[in-house]
Amino acid sequence: MSDEMDMQEGGVVKQFMFVNRKAPYGTIYALEGLEVVLISAAFEQDVSMAFIDDGVYELKKGQDTKALGQKNFSPTYRALEGYDIEKLYVEKESMAVRGLTVEDFAVDVTVLDHAEMAAKMAEQDVLISF
Amino acid sequence: MKIGVLVNEGPYTHEASDSAYNFTKAALEKGHEIYRVFFYHDGVNNATRLTEPPRDDRNIVNRWSELGKQHNLDLVVCIAAAQRRGVMDENEAKRQGKDAHNLAEGFRISGLGQLVEAGIQSDRLVTFGD
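Protein chains in written order, with the working numbering: chain A, 309 to 438; chain B, 109 to 238.
Keep in mind that the hints were calculated from the coordinates and are not lab data. Hints should not be assumed to be uniformly reliable.
Unchecked claim - Computed far set for chain A versus chain B, every beta-carbon distance over 10 Å: (1) Gly319; (2) Ala350; (3) Lys369; (4) Leu376; (5) Arg406; (6) Val415.
Said to hold, decoys possible - Here are the simulated distance ranges between beta carbons: (7) Gly221(B) with Thr335(A): 22 to 28 Å; (8) Asp165(B) with Thr335(A): 41 to 47 Å; (9) Gly407(A) with Arg157(B): 45 to 51 Å; (10) Lys379(A) with Lys206(B): 22 to 28 Å; (11) Gly221(B) with Ala430(A): 50 to 56 Å; (12) Lys374(A) with Ala188(B): 21 to 27 Å; (13) Ala375(A) with Arg163(B): 33 to 39 Å; (14) Lys133(B) with Ala430(A): 26 to 32 Å; (15) Glu401(A) with Ala188(B): 32 to 38 Å; (16) Leu346(A) with Glu200(B): 18 to 24 Å; (17) Ala188(B) with Gly334(A): 17 to 23 Å.
What the hints assert, rightly or not - Straight-line distance between alpha carbons at most 30 Å, and here's what the computed BS3-like set of lysine-lysine pairs gives: (18) Lys368(A) with Lys400(A); (19) Lys379(A) with Lys202(B); (20) Lys400(A) with Lys428(A); (21) Lys379(A) with Lys369(A); (22) Lys110(B) with Lys428(A); (23) Lys374(A) with Lys428(A); (24) Lys110(B) with Lys395(A); (25) Lys206(B) with Lys379(A).
Model, not experiment: these values are computed from the prediction. The beta carbon of each residue, even a glycine, is placed where N, CA and C say it ideally should be.
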C-alpha cells in the first residue's frame, strides 16, 4: 500500500496494477482482463499493467488469429495510450526464457527484472491478476 | 476492515469459489465489512440457480445466496461475462429476447465498474481463482 493516496475531485486515487500472466488466446483471461483495464480508465485511477510468465505473449506484434476463429484483440494494447494507460511493465526473466526482446512487442514497454517487478507490485494499493 | 472479494472461477471445477465463500464467512464472523463480492470470468456461473448438485454435496450457489441474505451482501455478477456464459436476470432475458432467466436470489447483474469501485472503496481487494 502506498502511504499517501492522492485526492482528486473529492475521490480517492489509488494505484491499480493489472497483472497479466496468461497467453492471449488459450484462455479468456487476457481478453476479459483488458476489459477491466479499459473500464478502470474511466475512474481516474493511477493504472499500470504488468506482464509476467506467458502474459508477455499478449504484447507480441503480428498476431494473426484467423485460424483460431477468435477475435484478434491485440490492437487494443496499442489503444491504451489513448486511455492514459501508459505504464506497461514487462518482466525481463519472462521475456528471456521465451526468447522475446522488446523488438517483438507491438507497444513501448518498461522492462523490469524480477526484483524490480516485485518492488513495483509492493507499491500498489490494488493488484488484480488475470 | 472493509474488504472486497473477487471470484474468478465457477463452482465445483475449482476450489476458488469455496475458498472465497469460506473467507467471506470468516471475515464477517470476525467483524469485518464485506464491501462487495464481484463475480467475473467463469465466476459468473456461481450465480445460476439452475445448479442441482448431488444431495451429499454442498450447494455452492445456494450457499452464496444464503450468506448474502443473512449479511445483506452485495453480490455482483459482471454483465459482459454473464452474457457470454448464459447467466441472466429477468430484465436482461427480456431485453435479449431469451425464453428463460437463471440469476439466483441475492445476486445482481452490473458492470465492471463495480469491480474497480470495489478496489477503490475497500481497504483490501482479495482475489480467488487461477
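Here's how the hints hold up against the structure:
1. For Gly319(A), the condition that its CB be more than 10 Å from all CB atoms of chain B is violated, with the nearest at approximately 7 Å.
2. The non-interface label for Ala350(A) is inconsistent with chain B: the shortest C-beta to C-beta separation is roughly 7 Å, within 10 Å.
3. Remark: the non-interface label on Lys369(A) is consistent with the geometry, its nearest Cβ contact in chain B lying 26 Å away (cut-off 10 Å).
4. In this structure Leu376(A) is separated from chain B by more than 10 Å, as the shortest Cβ-Cβ distance comes to about 17 Å.
5. For Arg406(A), the shortest C-beta to C-beta distance to chain B comes to about 20 Å, beyond the 10 Å cut-off, and the non-interface label holds.
6. In this structure Val415(A) is separated from chain B by more than 10 Å, as the shortest Cβ-Cβ distance comes to about 22 Å.
7. The supplied range of 22 to 28 Å is met by Gly221(B) and Thr335(A), whose beta-carbon atoms lie about 23 Å from each other.
8. At about 26 Å, the CB distance of Asp165(B) to Thr335(A) disagrees with the hint of 41 to 47 Å.
9. For Gly407(A) paired with Arg157(B), a C-beta distance near 48 Å keeps the hint of 45 to 51 Å intact.
10. At about 23 Å, the beta-carbon gap between Lys379(A) and Lys206(B) stays in the expected band of 22 to 28 Å.
11. Between Gly221(B) and Ala430(A), the C-beta spacing of about 27 Å breaks the proposed range 50 to 56 Å.
12. For Lys374(A) and Ala188(B), the hinted distance range of 21 to 27 Å is satisfied, since their beta carbons lie about 24 Å from each other.
13. Separation of Ala375(A) from Arg163(B) is about 45 Å and departs from the stated range, judged on CB atoms against 33 to 39 Å.
14. Between Lys133(B) and Ala430(A) the beta carbons are some 29 Å apart, a value that agrees with the proposed interval 26 to 32 Å.
15. Evaluation of the 32 to 38 Å hint for Glu401(A) and Ala188(B) yields a pass: the beta carbon distance comes to about 33 Å.
16. For Leu346(A) and Glu200(B), the Cβ-Cβ distance of about 22 Å falls inside the hinted range of 18 to 24 Å, so the restraint holds.
17. Between Ala188(B) and Gly334(A) the Cβ separation comes to about 20 Å, which falls inside the hinted range of 17 to 23 Å.
18. Pair hint Lys368(A) plus Lys400(A) holds up; C-alpha atoms about 15 Å apart against a cutoff of 30 Å.
19. This hinted pair checks out: Lys379(A) and Lys202(B) have alpha carbons roughly 28 Å apart, not beyond 30 Å.
20. Distance hint between Lys400(A) and Lys428(A) is fulfilled; the C-alpha atoms sit about 14 Å from each other, no more than 30 Å.
21. The hinted pair formed by Lys379(A) and Lys369(A) meets the criterion: a straight-line CA distance of about 15 Å does not exceed 30 Å.
22. Straight-line distance between C-alpha atoms of Lys110(B) and Lys428(A) comes to about 24 Å, which keeps the hinted pair within the 30 Å bound.
23. Distance hint between Lys374(A) and Lys428(A) is unfulfilled; the C-alpha atoms sit about 36 Å from each other, more than 30 Å.
24. Using a Cα cut-off of 30 Å, the hinted pair Lys110(B) and Lys395(A) holds, with the two alpha carbons roughly 28 Å apart.
25. Only pairs whose Cα atoms come within 30 Å are accepted, and Lys206(B) paired with Lys379(A) is accepted, the gap being roughly 25 Å.
Hints 1, 2, 8, 11, 13 and 23 from the list above are not met by this structure, while the remaining hints are.
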